[in-house]
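With the hints as your guide, set chains G, X and C onto chain D.
These protein sequences, in sequence, are chains D, G, X and C. So for the first sequence, our numbering puts the first residue at 1; every next one is plus one. So for the second sequence, our numbering puts the first residue at 1; every next one is plus one. So for the third sequence, our numbering puts the first residue at 1; every next one is plus one. So for the fourth sequence, our numbering puts the first residue at 1; every next one is plus one.
Since the hints were derived computationally from the structure, they do not count as laboratory data. Hints are not guaranteed to be accurate.
Below are the DSS-like pairs computed for lysine-lysine, each with C-alpha atoms no more than 30 Å apart in a straight line [said to hold, decoys possible]:
id, chain 1, residue 1, chain 2, residue 2
1, G, K52, X, K29
2, G, K26, D, K52
3, G, K52, X, K4
4, C, K29, D, K52
5, C, K26, D, K4
6, D, K52, C, K52
7, G, K29, D, K26
8, D, K26, D, K52
9, X, K29, X, K52
10, G, K4, X, K29
11, C, K26, X, K29
12, D, K52, G, K4
13, D, K4, D, K26
14, D, K29, G, K26
15, X, K52, C, K29
16, G, K52, D, K26
17, G, K52, G, K26
18, X, K26, G, K52
19, D, K26, C, K52
20, D, K4, D, K52
21, C, K52, D, K29
22, G, K26, G, K4
23, G, K4, G, K52
24, X, K29, X, K4
25, X, K52, G, K29
26, C, K26, C, K52
27, X, K26, X, K52
28, C, K52, X, K26
29, C, K26, X, K26
30, D, K52, C, K26
31, D, K52, C, K4
32, G, K29, G, K4
33, X, K4, X, K26
34, X, K4, C, K52
35, G, K26, X, K26
36, X, K52, G, K52
37, G, K4, D, K26
38, X, K29, C, K52
39, D, K29, D, K52
There are 4 protein chains.
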Amino acid sequence: MAEKLTGTEIEERLRHTDGWTVVEGKLHKELTFADFNEAFGFVARLALVAEKLDHHPDWSNSWNRVVIDISSHAAGGITATCFELAAAADGLR
Amino acid sequence: MAEKLTGTEIEERLRHTDGWTVVEGKLHKELTFADFNEAFGFVARLALVAEKLDHHPDWSNSWNRVVIDISSHAAGGITATCFELAAAADGLR
Amino acid sequence: MAEKLTGTEIEERLRHTDGWTVVEGKLHKELTFADFNEAFGFVARLALVAEKLDHHPDWSNSWNRVVIDISSHAAGGITATCFELAAAADGLR
Amino acid sequence: MAEKLTGTEIEERLRHTDGWTVVEGKLHKELTFADFNEAFGFVARLALVAEKLDHHPDWSNSWNRVVIDISSHAAGGITATCFELAAAADGLR
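If we strip away everything but chain D, and leave its shape as in the complex, we get (with noise of 0.2 Å):
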């Protein structure tokens, strides 16, 4: 299983992403799609790469938007896999 990084490990990781930041205590991502079909293709894929990585993200939808949540509940804190599935779901755009 994946530690949980410290903090200052969480900045120095944060600052090669786009766009995440940390929302209580989770790795946190709002995206904006053209509408309901785009944005339920993300979630699709971005299921795929969960079930695959067995780490899965909190995430919600409403029609257009997507918010992503991404930390390890067996960990207690945020983890390397975190940070992969927020670059795999990247990477899906």
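Using the frame of chain D, we list chains G, X and C on its own:
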């Protein structure tokens, strides 16, 4: 467009639903599945229903849990179509 | 219900599509994606379109490849709605 | 990588499956659902399983029908993982 239902109409209709309540002015239900796979199968099916009805829920997913909130932005409240979407969601399980 | 198009009408419309042909009486296209994930994102989006149009393609998927065949069982041929679905599929890429 | 099973091994394993046969060298099953929505829910769940196993079936869909063919290109035949995917597909219904 479906018109906003009155509080009385909503109360009456809620009696015929299974597990739906009104939270912050929206039809609300929380569902638990066996795992992420089953939860996502439900999400995919509800997405089809929503697109067909052209009425999309606010929803969130955290592994095996799905929370659904339904209201009409256009009508400024809960409409007959909201209940139609809720019934369709129930029909998927 | 959309009516079956004549051969001449189909030929005319095919000129305005990108990569669609008629194979065994159906609008036919073969698509290749980067990987299964991208192919499935397309599949999920086309499913939404099909359900909304109430016109569903015959399709198959083999990892990064998707083959689509569109015709109308009800009309016994290719209709304007078939071309609408084909155009919508093209719009998803 | 899983190794190709022998004909005898395949016959033995097929006895423990429900409705799978070997067609053109692949594990084959045809499924019928209530409608497109239910069929697509199955497809979406199968996609998650396939991505997790990193073993993807050939599948096709025509409204409420889904046809699945499973083999291993790498092994040049049917492997234990093919049966694992088949069993997982059965577990989704």
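We went through each hint and held it up to the structure:
1. G:K52 with X:K29: Given that 30 Å is the threshold and the Cα spacing comes to 25 Å, the pair holds.
2. G:K26 with D:K52: Roughly 34 Å between the alpha carbons, so the hint for G:K26 and D:K52 is violated.
3. G:K52 with X:K4: 24 Å, holds
4. C:K29 with D:K52: 25 Å, holds
5. C:K26 with D:K4: Violated, at about 44 Å.
6. D:K52 with C:K52: 5 Å, holds
7. G:K29 with D:K26: 24 Å, holds
8. D:K26 with D:K52: With Cα atoms ~20 Å apart, D:K26 and D:K52 stay inside 30 Å; holds.
9. X:K29 with X:K52: Satisfied, since the Cα-Cα distance of roughly 21 Å is no more than 30 Å.
10. G:K4 with X:K29: Not OK: G:K4 and X:K29 at ~44 Å, beyond 30 Å, violated.
11. C:K26 with X:K29: Roughly 24 Å between the alpha carbons, so the hint for C:K26 and X:K29 holds.
12. D:K52 with G:K4: 43 Å, violated
13. D:K4 with D:K26: This hinted pair holds, its Cα atoms lying about 12 Å apart.
14. D:K29 with G:K26: Roughly 24 Å separates the two Cα atoms, so the pair holds.
15. X:K52 with C:K29: It holds: about 28 Å lies between the C-alpha atoms, which stays within 30 Å.
16. G:K52 with D:K26: Measuring from Cα to Cα gives roughly 34 Å; hence the hint is violated.
17. G:K52 with G:K26: 20 Å, holds
18. X:K26 with G:K52: Holds: X:K26 and G:K52 sit about 24 Å apart, inside 30 Å.
19. D:K26 with C:K52: 24 Å, holds
20. D:K4 with D:K52: 20 Å, holds
21. C:K52 with D:K29: Roughly 25 Å between the alpha carbons, so the hint for C:K52 and D:K29 holds.
22. G:K26 with G:K4: 12 Å, holds
23. G:K4 with G:K52: Since the Cα atoms of G:K4 and G:K52 sit roughly 20 Å apart, the hinted pair holds (cutoff 30 Å).
24. X:K29 with X:K4: 19 Å, holds
25. X:K52 with G:K29: 25 Å, holds
26. C:K26 with C:K52: 20 Å, holds
27. X:K26 with X:K52: 20 Å, holds
28. C:K52 with X:K26: Status violated; Cα separation ~34 Å.
29. C:K26 with X:K26: 26 Å, holds
30. D:K52 with C:K26: Judged against 30 Å, a Cα distance of about 24 Å means the pair holds.
31. D:K52 with C:K4: Within the cut-off at roughly 24 Å; holds.
32. G:K29 with G:K4: Cα-Cα ~19 Å, so holds.
33. X:K4 with X:K26: 12 Å, holds
34. X:K4 with C:K52: With Cα atoms ~43 Å apart, X:K4 and C:K52 exceed 30 Å; violated.
35. G:K26 with X:K26: Roughly 44 Å between the alpha carbons, so the hint for G:K26 and X:K26 is violated.
36. X:K52 with G:K52: 5 Å, holds
37. G:K4 with D:K26: 37 Å, violated
38. X:K29 with C:K52: With a Cα-Cα distance of about 28 Å, the restraint between X:K29 and C:K52 holds, given a limit of 30 Å.
39. D:K29 with D:K52: 21 Å, holds
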